[in-house]
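Peer 1: Residue numbers (our numbering), protein chains in the order written: chain A, 111 to 433; chain B, 111 to 433; chain C, 111 to 433.
Please note that the accuracy of each hint is not assured.
Since copy identity is lost for identical chains, a pair holds within one copy or between any two.
What the hints assert, rightly or not - With a straight-line cut-off of 27 Å between C-alpha atoms, the simulated DSS-like cross-links for lysine-lysine are:
hint	residue 1	residue 2
1	Lys193	Lys156
2	Lys227	Lys400
3	Lys131	Lys193
4	Lys131	Lys351
5	Lys351	Lys227
6	Lys400	Lys159
7	Lys131	Lys226
8	Lys193	Lys159
9	Lys216	Lys400
10	Lys407	Lys226
Because the hints were derived from the structure by calculation, they are not lab data.
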Amino acid sequence: MRDGREEEIRNIVGELLEDYKDDRTINQIELFDQPDTEVIVDILDKMLKIVFPGFFREKTYRFYNLNSRLTVLLEDVMFNLNKQIAIALRQLPENQNANEDEMAEKAEKITLEFFKKIPLIREYTETDVQAAFDGDPAAFNRNEIILSYPGLYTITINRIAHELFKLSVPLIPRIMTEHAHSQTGIDIHPGATIGKYFFMDHGTGIVVGETTIIGDNVKVYQGVTIGALSTRGGQKLKGVKRHPTIEDNVTIYSGASVLGGETVIGRNSVIGSNAFITSSIAPETRVSIKNQELNYKTGKNKKEASGIEITDLEQDESWFYII
Amino acid sequence: MRDGREEEIRNIVGELLEDYKDDRTINQIELFDQPDTEVIVDILDKMLKIVFPGFFREKTYRFYNLNSRLTVLLEDVMFNLNKQIAIALRQLPENQNANEDEMAEKAEKITLEFFKKIPLIREYTETDVQAAFDGDPAAFNRNEIILSYPGLYTITINRIAHELFKLSVPLIPRIMTEHAHSQTGIDIHPGATIGKYFFMDHGTGIVVGETTIIGDNVKVYQGVTIGALSTRGGQKLKGVKRHPTIEDNVTIYSGASVLGGETVIGRNSVIGSNAFITSSIAPETRVSIKNQELNYKTGKNKKEASGIEITDLEQDESWFYII
Amino acid sequence: MRDGREEEIRNIVGELLEDYKDDRTINQIELFDQPDTEVIVDILDKMLKIVFPGFFREKTYRFYNLNSRLTVLLEDVMFNLNKQIAIALRQLPENQNANEDEMAEKAEKITLEFFKKIPLIREYTETDVQAAFDGDPAAFNRNEIILSYPGLYTITINRIAHELFKLSVPLIPRIMTEHAHSQTGIDIHPGATIGKYFFMDHGTGIVVGETTIIGDNVKVYQGVTIGALSTRGGQKLKGVKRHPTIEDNVTIYSGASVLGGETVIGRNSVIGSNAFITSSIAPETRVSIKNQELNYKTGKNKKEASGIEITDLEQDESWFYII
Numbered sequence: 111m112r113d114g115r116e117e118e119i120r121n122i123v124g125e126l127l128e129d130y131k132d133d134r135t136i137n138q139i140e141l142f143d144q145p146d147t148e149v150i151v152d153i154l155d156k157m158l159k160i161v162f163p164g165f166f167r168e169k170t171y172r173f174y175n176l177n178s179r180l181t182v183l184l185e186d187v188m189f190n191l192n193k194q195i196a197i198a199l200r201q202l203p204e205n206q207n208a209n210e211d212e213m214a215e216k217a218e219k220i221t222l223e224f225f226k227k228i229p230l231i232r233e234y235t236e237t238d239v240q241a242a243f244d245g246d247p248a249a250f251n252r253n254e255i256i257l258s259y260p261g262l263y264t265i266t267i268n269r270i271a272h273e274l275f276k277l278s279v280p281l282i283p284r285i286m287t288e289h290a291h292s293q294t295g296i297d298i299h300p301g302a303t304i305g306k307y308f309f310m311d312h313g314t315g316i317v318v319g320e321t322t323i324i325g326d327n328v329k330v331y332q333g334v335t336i337g338a339l340s341t342r343g344g345q346k347l348k349g350v351k352r353h354p355t356i357e358d359n360v361t362i363y364s365g366a367s368v369l370g371g372e373t374v375i376g377r378n379s380v381i382g383s384n385a386f387i388t389s390s391i392a393p394e395t396r397v398s399i400k401n402q403e404l405n406y407k408t409g410k411n412k413k414e415a416s417g418i419e420i421t422d423l424e425q426d427e428s429w430f431y432i433i
Numbered sequence: 111m112r113d114g115r116e117e118e119i120r121n122i123v124g125e126l127l128e129d130y131k132d133d134r135t136i137n138q139i140e141l142f143d144q145p146d147t148e149v150i151v152d153i154l155d156k157m158l159k160i161v162f163p164g165f166f167r168e169k170t171y172r173f174y175n176l177n178s179r180l181t182v183l184l185e186d187v188m189f190n191l192n193k194q195i196a197i198a199l200r201q202l203p204e205n206q207n208a209n210e211d212e213m214a215e216k217a218e219k220i221t222l223e224f225f226k227k228i229p230l231i232r233e234y235t236e237t238d239v240q241a242a243f244d245g246d247p248a249a250f251n252r253n254e255i256i257l258s259y260p261g262l263y264t265i266t267i268n269r270i271a272h273e274l275f276k277l278s279v280p281l282i283p284r285i286m287t288e289h290a291h292s293q294t295g296i297d298i299h300p301g302a303t304i305g306k307y308f309f310m311d312h313g314t315g316i317v318v319g320e321t322t323i324i325g326d327n328v329k330v331y332q333g334v335t336i337g338a339l340s341t342r343g344g345q346k347l348k349g350v351k352r353h354p355t356i357e358d359n360v361t362i363y364s365g366a367s368v369l370g371g372e373t374v375i376g377r378n379s380v381i382g383s384n385a386f387i388t389s390s391i392a393p394e395t396r397v398s399i400k401n402q403e404l405n406y407k408t409g410k411n412k413k414e415a416s417g418i419e420i421t422d423l424e425q426d427e428s429w430f431y432i433i
Numbered sequence: 111m112r113d114g115r116e117e118e119i120r121n122i123v124g125e126l127l128e129d130y131k132d133d134r135t136i137n138q139i140e141l142f143d144q145p146d147t148e149v150i151v152d153i154l155d156k157m158l159k160i161v162f163p164g165f166f167r168e169k170t171y172r173f174y175n176l177n178s179r180l181t182v183l184l185e186d187v188m189f190n191l192n193k194q195i196a197i198a199l200r201q202l203p204e205n206q207n208a209n210e211d212e213m214a215e216k217a218e219k220i221t222l223e224f225f226k227k228i229p230l231i232r233e234y235t236e237t238d239v240q241a242a243f244d245g246d247p248a249a250f251n252r253n254e255i256i257l258s259y260p261g262l263y264t265i266t267i268n269r270i271a272h273e274l275f276k277l278s279v280p281l282i283p284r285i286m287t288e289h290a291h292s293q294t295g296i297d298i299h300p301g302a303t304i305g306k307y308f309f310m311d312h313g314t315g316i317v318v319g320e321t322t323i324i325g326d327n328v329k330v331y332q333g334v335t336i337g338a339l340s341t342r343g344g345q346k347l348k349g350v351k352r353h354p355t356i357e358d359n360v361t362i363y364s365g366a367s368v369l370g371g372e373t374v375i376g377r378n379s380v381i382g383s384n385a386f387i388t389s390s391i392a393p394e395t396r397v398s399i400k401n402q403e404l405n406y407k408t409g410k411n412k413k414e415a416s417g418i419e420i421t422d423l424e425q426d427e428s429w430f431y432i433i
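Model the full assembly from the supplied sequences, consistent with the hints where possible.
Peer 2: Here you go:
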């Protein structure tokens, strides 16, 4: 900006500072009262190294002894997670007036409880790796799955976030699962309960709602929604079971929707692609949509080598194309 | 690489340098003539701190006084945005021969115009936070929405990019919205006009086209396309209204497509999941697809506890599963 | 953490170290035996600069002479890719007992072979830019496409990864394409063979399987699956052609699925939105789904200006909404 503009800039800044004075939700200038997303993402990265030691190399700590390396890593995560939990707990209405010591005490208890769950998380994750290998002919080996599969990445973060959710930590679990969502396009609420041997292939577009319960050996493909039937009640529905129960050994193929808090998909069932299910399905059932009726036409649909289409197609109402 | 390979490497480098000499689109070695994506993403991160002061902590500038902190932040963004705009303006055919002073003058005017819009952007964004809270029973509180909801993140970036789009800045608005797209799977063109209280839940797979007009209080769920009906004209359609108008208080549920530049969804209407709409809908209408016809079969579809399926299912043409 | 907790922390760490002693897939403490995802992503970023010189500015190397700049960049990528390939090759069962020299020799050969393919990759990518410009009326110019289009980003990374895949490099190609998948929501297996002038618009949710073959001038929109029909055989299907062949000049509109290893979409055909195709389509054919049957109701579906819906809608079984 050149010099002549200085006053104009000062005016704009002044107006904005004025604008911040309104008491609005998007203000909130108590700077150090919010959990820090960057710190939480860093905690997650380190938690993945704890769950999969060796796969995710720790460059910061150059110990050749695994014990020392892990001890340092664990203490780092513990320290930072504890701090973030203490900040997040303030978001609970009952903690607004608690004193510092009480809050620190609560945060520590939760942090330690959470760390005791890591062997359990690892036990479940081991089964998820196996399920991906058994389920995907394109899997080269287990290492490829751990190093690159977005489904495994997401379910692992979900298992971590779910333990914090069960310990009633506000905000942090959702920040964790939304981080996974942004990396993979898979949106599983940290409240969802998910059994062993869970496999999501491709994954993009999968949505699993807060009160979903999923058994063991369940496979879910891209674009599947396990969601709520809207009763359009918004905040009035908080805490109500709004999402389905999926029993053991169920497979849900791509694009299917399974909806509603009273919907139960019975064990050993298979839901076909694009099916839209809003009531319970008995065990051992395979559900698919009836064959689509298709129109076929022989067209004069040509393109030049340059990629430019010749638009000699007659316009025809029954032909719907999306750009 | 070992020493013996040196000549081979020199040859490969030589061939590549030769290959760069062709006059092709993907070359373009005028190094400093392109907007810089990294700088634009940094500007966006800082703009989010300006829109939500306090939520996004500014670590670089350690001022305890909000005024100084914001002034420094605003001047930083202004300086860098101004520079990027000056570079981007060169992409307009009419500016190819403009002199440096003219361009600097134009860029400054646009930058200052844009900054005057920030209070307006903040006013809209405040309503988006409210809409997310009212619309989602899983929302713990407004802080959770601001800190973690991908829909809010995307609409905020879109509101910023849309103001630059209206000021006819090339490239930068699209770089901004594609950054949001990569973070959230929500693809809203910066040209789309969107009213207050806009809420997108889950979001992954939402597409909103360039010439879309959306009213107030509109809710859109995952996988919704608000798109064009292809008349397959490519660049010949530039500037034509190709995308729908969505009036106030409309809800569009997951997977629905609303298509075509003459399609108007009248106020207070609801479009059900997976509906495919290519013509206008009267106000106060609820549209849903007729119940799918489903096939049900009792199968012998079992899995062992290990997750390996026993493949004793008869092959059956009517069963379509996607891997 | 306060002092009193120290013993508790020591216990937790002790239990975790105990837990790592099990011989499980998710352990694998041979720290330096895995390819490094971070290094591979860095290689990809630099490869994009090699494919599009000038567009992706190289800040690290400040040379004003293009030759020196590119030489340094190429040698950097060569050195690091070579190292990662040497590590990855160990994952092939036949290389488990190879000596260091043999492995280094193999890795070097592959690296040099790969670099010889860069002009070919650039030739294909040039056509992809052209196809995006011709196909999208919202494209401002070719620079916008190169700087911001997720479809172009993904196909470019795929063309790079596919060359490494053809050279039988394990793990690295998939790490590359999964990185693109995480950035764009487009999941193309590095094994897929894709012709010139390939254009993906919007892109989120596109899945293209390992054994797919795609001709020249093909356009694919958001949410399209080019996938397998499950015969549920898991690892037993490795290497079998499980995914379709798409011939030249085919367009596949949003949400369509084309499935099965014997399915061939003949040249110049068009597949309409949401079509579900599991058998071959003759050349010159346009396929679309029959018009959906829709229910229309005039509702009393109102919202207050605040965004809160008045829930006076009668509950109605035939109305399915997903939250």
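Peer 1: Now, for every hint given, state plainly whether the structure supports it.
Peer 2: Structure-based check of each hint:
1. Taking the shortest alpha-carbon separations for Lys193 and Lys156, both the intra-copy value of 16 Å and the inter-copy value of 25 Å come in at or below 27 Å.
2. In this homomeric assembly, Lys227 and Lys400 never come within 27 Å of each other (Cα to Cα): the closest approach is 45 Å inside a single copy and 47 Å across copies.
3. Neither within a single protomer nor between protomers do Lys131 and Lys193 lie at most 27 Å apart by alpha-carbon distance, with minima of 29 Å and 30 Å respectively.
4. Neither within a single protomer nor between protomers do Lys131 and Lys351 lie at most 27 Å apart by alpha-carbon distance, with minima of 40 Å and 40 Å respectively.
5. Only within a single protomer do Lys351 and Lys227 lie at most 27 Å apart by alpha-carbon distance; the minimum there is 25 Å, versus 43 Å between protomers.
6. Proximity of Lys400 and Lys159 under a CA criterion of 27 Å is satisfied in neither setting, with 46 Å inside one chain copy and 49 Å between copies.
7. In this assembly of identical chains, the alpha carbons of Lys131 and Lys226 lie at most 27 Å apart only when taken from different copies (17 Å versus 45 Å within one copy).
8. For the homomeric pair Lys193 and Lys159, the shortest alpha-carbon distances inside one copy (20 Å) and between copies (22 Å) are both at most 27 Å.
9. Taking the closest pair of Cα atoms, Lys216 and Lys400 never come within 27 Å of each other, the shortest separation being 55 Å inside a single copy and 52 Å across copies.
10. When the C-alpha separation of Lys407 and Lys226 is checked against a cutoff of 27 Å, the pair qualifies neither within a copy, at 63 Å, nor between copies, at 44 Å.
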